[in-house]
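J.: Sequence:
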Amino acid sequence: MSAAIFAPELKKYIDREYPGLKFEVGGGDPAGDAGGQATEDTPFKIMRKHGINIQPAHSNNPLLRRASIINLLKELRMDGKPGFLISPKAKVWRKGLAGGFNYKRVQVAGDERYHDMPDKNRYSHVCEAAEYGLMMA
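When we follow numbering that gives the first Met the number 0, the leftmost residue of the sequence shown carries the number 0, and every step to the right adds one.
Simulated from the structure, these hints should not be mistaken for laboratory data. Accuracy of the hints is not assured; some may be wrong.
[Unchecked claim] EDC-like, lysine to aspartate or glutamate: derived pairs with alpha carbons at most 20 Å apart: (1) K94 with D40; (2) K44 with E23; (3) K88 with D32; (4) K48 with E74; (5) K48 with E8; (6) K10 with E23; (7) K90 with D32; (8) K73 with E127; (9) K88 with E39; (10) K48 with D32.
[Claimed, not checked] What follows is a list of derived Cβ distance ranges for each label pair: (11) I4 with R104: 33 to 39 Å; (12) N120 with I4: 17 to 23 Å; (13) K21 with R93: 23 to 29 Å.
Ideal Cβ placement from N, Cα and C applies to all residues, glycine included.
Generate coordinates for the entire structure from the input sequences, incorporating the hints supplied.
T.: Quick look at the structure:
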């Protein structure tokens with residue numbers, strides 16, 4: 000889905016589901032600020048035009064992105080309760096973190112080996128978007 004279609008739909012969703020939410024800034028893949036050949040608009044510029052302030056994350060390094068989620072999920076408050084909660088409404092993200100977002104095993108004899116990049120699927124897109132956003136937190 001293009002940013003031109005996604006941005007207004009996302010804005011409507013945010014306004015409907017989270018009325019009064021003040022959206023400070025979100026993070027995204029640094030490539031989202033790169034223009035295409037047919038237009039000078041970038042995905043991030045289109046999002047900003049719809050009131051969604053998206054900035055490029057400071058890195059595209061997958062290890063740093065994974066750490067942004069892992070560190071939060073391991074964090075405990077002073078009372079021993081989780082420091083980070085994921086809404087039950089975030090079903091795709093939750094399923095992604097429960098194993099849908101993964102690295103495919105490489106078919107080789109001997110040691111277990113996995114691809115360097117995660118398998119691209121419906122979970123990877125949501126999980127990677129969360130990584131970029133959490134890098135900005």
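J.: Please go over all the hints and tell whether each is borne out by the structure.
T.: Verification of the supplied hints:
Between K94 and D40 the alpha-carbon distance is near 33 Å, which puts this suggested pair outside the 20 Å criterion. Pair hint K44 plus E23 holds up; C-alpha atoms about 16 Å apart against a cutoff of 20 Å. Taking the CA atoms of K88 and D32, the gap is near 29 Å; set against the 20 Å cutoff, the hint is violated. Between the alpha carbons of K48 and E74 the distance comes to roughly 35 Å, so the proposed pair goes past 20 Å and is violated.
Taking the CA atoms of K48 and E8, the gap is about 13 Å. The hint holds against a cut of 20 Å. For the hint pairing K10 with E23, the CA-to-CA distance comes to about 14 Å; that is within 20 Å, so the pair holds. For the hint linking K90 to D32, the alpha-carbon distance of about 28 Å lies beyond 20 Å, and the restraint is violated. Proposed proximity of K73 and E127 is supported: the alpha carbons are some 18 Å apart, at most 20 Å.
Distance check on the hinted pair: K88 and E39 sit about 36 Å apart at the alpha-carbon level, beyond 20 Å; violated. The suggested pairing of K48 with D32 holds, with an alpha-carbon distance near 13 Å, which does not exceed 20 Å. Distance hint check: the CB atoms of I4 and R104 are about 35 Å apart, consistent with the given range 33 to 39 Å. A beta carbon spacing of about 21 Å between N120 and I4 agrees with the range 17 to 23 Å that was offered as a hint.
Between K21 and R93 the Cβ separation comes to about 25 Å, which falls inside the hinted range of 23 to 29 Å.
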